[in-house]
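Participant: Sequence:
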Amino acid sequence: MFTVTNKIPIQSMAGIAYSFVAAPRYKFKLAKIVACGFILAVSLAGAATPDFYVVSDFGAQGDGKTDDTTAFQKALDAAAKAGGGIVYAPRGNYFFSGHLNVPNAVTLKGVWESVPAHNGERDAHFPKPTDDGTTFLVTENAGTEDGPAFITLNQNSTLKGVVIFYPNQINDGEPRPYPWAIAMRSKNPAVLEVELLNPYNGIDATKNERHLIRDVQGQPLRRGIWIDAIYDIGRVENVHFNPWWSQKKALFEWQEKHGEAFIFGRTDWQYVYNTFCYGYNVGYKFVKTATGACNGNFLGIGADDCYTAVDVEQSAPFGLLISNGEFTSFHGPNPTMVRVDPSNSGSVRFVNCAFWGPCNQIAEIDGKGTVGFSDCTFVQWDRHKEGRAAIQVTGGSVLVRGCEFQQNKPQIELGENVIRAVISDNITSGSPRIINHSKIILSGSNGTN
Numbered sequence: 001m002f003t004v005t006n007k008i009p010i011q012s013m014a015g016i017a018y019s020f021v022a023a024p025r026y027k028f029k030l031a032k033i034v035a036c037g038f039i040l041a042v043s044l045a046g047a048a049t050p051d052f053y054v055v056s057d058f059g060a061q062g063d064g065k066t067d068d069t070t071a072f073q074k075a076l077d078a079a080a081k082a083g084g085g086i087v088y089a090p091r092g093n094y095f096f097s098g099h100l101n102v103p104n105a106v107t108l109k110g111v112w113e114s115v116p117a118h119n120g121e122r123d124a125h126f127p128k129p130t131d132d133g134t135t136f137l138v139t140e141n142a143g144t145e146d147g148p149a150f151i152t153l154n155q156n157s158t159l160k161g162v163v164i165f166y167p168n169q170i171n172d173g174e175p176r177p178y179p180w181a182i183a184m185r186s187k188n189p190a191v192l193e194v195e196l197l198n199p200y201n202g203i204d205a206t207k208n209e210r211h212l213i214r215d216v217q218g219q220p221l222r223r224g225i226w227i228d229a230i231y232d233i234g235r236v237e238n239v240h241f242n243p244w245w246s247q248k249k250a251l252f253e254w255q256e257k258h259g260e261a262f263i264f265g266r267t268d269w270q271y272v273y274n275t276f277c278y279g280y281n282v283g284y285k286f287v288k289t290a291t292g293a294c295n296g297n298f299l300g301i302g303a304d305d306c307y308t309a310v311d312v313e314q315s316a317p318f319g320l321l322i323s324n325g326e327f328t329s330f331h332g333p334n335p336t337m338v339r340v341d342p343s344n345s346g347s348v349r350f351v352n353c354a355f356w357g358p359c360n361q362i363a364e365i366d367g368k369g370t371v372g373f374s375d376c377t378f379v380q381w382d383r384h385k386e387g388r389a390a391i392q393v394t395g396g397s398v399l400v401r402g403c404e405f406q407q408n409k410p411q412i413e414l415g416e417n418v419i420r421a422v423i424s425d426n427i428t429s430g431s432p433r434i435i436n437h438s439k440i441i442l443s444g445s446n447g448t449n
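Quick note on the numbering used here: the sequence shown kicks off at 1 and runs consecutively.
In case anyone wonders, no lab produced these hints; they're calculated from the structure.
As a list, the in silico DSSO-like pairs of lysine-lysine whose alpha-carbon atoms are at most 27 Å apart:
(1) K439 x K368
(2) K160 x K74
(3) K187 x K160
(4) K128 x K248
(5) K160 x K207
(6) K187 x K81
(7) K288 x K187
(8) K187 x K207
(9) K207 x K288
(10) K128 x K160
(11) K207 x K81
Computed from a predicted structure; not experimentally measured.
Kindly generate the complete structure, drawing on both the sequences and the hints.
Facilitator: This is the structure:
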């Protein structure tokens, strides 16, 4: 074994095999190798490269005690001054009493190349957030949601490969409010491979274009992701919110009463793929803001043990297209998978989705818009055996086609103000039971069974 300085091991096995292990800020050039005489010469081609900055070079300690806010911001600003680059935070626990601004064309990066999991705070013998990798310990503005986000991303800037952890958060009781962990602004900001372990508010993805949120996990307590004022396509992929940090009774009950995992205001052509949440008041919430409402494509989304899995206060007329979803509800005062509020006037479509869990009803539909279910599976409803229908329509229009109702209970109830209904080609357990109170639709007409 031959060892060269700067921790570059060079091994000889049946000839010479060589490898280099070093911090990525160094460039290496092999100058000369003479196998027969075991002569090696290695030259280091300078220190920091123009596009790579290490936070420790700017004074960051990563000891979990020293405030590293100023050191990080100096590194970020140095990268911005050079026209952009990567600011690298090696393994360590970085304490922050302030917040960070990631300038244009700068990436703030930790060691993780895929999103980690640190459920050791909840389950013994599993990793805790300070055991390994790059962990950011956030403390600023405890007790209030007001104030700047911990990290603000700007045009073409990225946050990647870190764990964001609030060490002073309450894990068994009403949680302490904090501002957003991350704010995404301007054009093309990205959050990749990040663990949001226990923020009060997760990602504020408003007032930007073409955001990318991919491979994010954790347990945001009050709000997971908030999207609004987006006029060019946004993307959310592989985001899963589970109670990995704490499932203690008082905290989890608060989260189920108040938590909202994914909230969508005005966003044009939002694409959401392979997302999941567990244990919230609302899994996916669609609202109207001063800028408008959402239209988009939602594929492979899921919500488990939410009081309401999907709540539509308003959707854009172009529609919410929800395909291959899985939704369960069985806790709360009125567990319901889908709720469309009286304020809705847009279009909502569920295609090839599955609904189960001992809920009160699968869907409560109102408003003036159109809601459709196609090729869906309805497994459980009417948990108290009160004669409730799986789908209860109070207003607007409804389409139910090619679906399977697995329980021998009422399937659909149409209220007095239902305007149109097409109900056809469904499979029921027992005889079809469609209750029609509509003053407009005559039984058997307009496509009703």
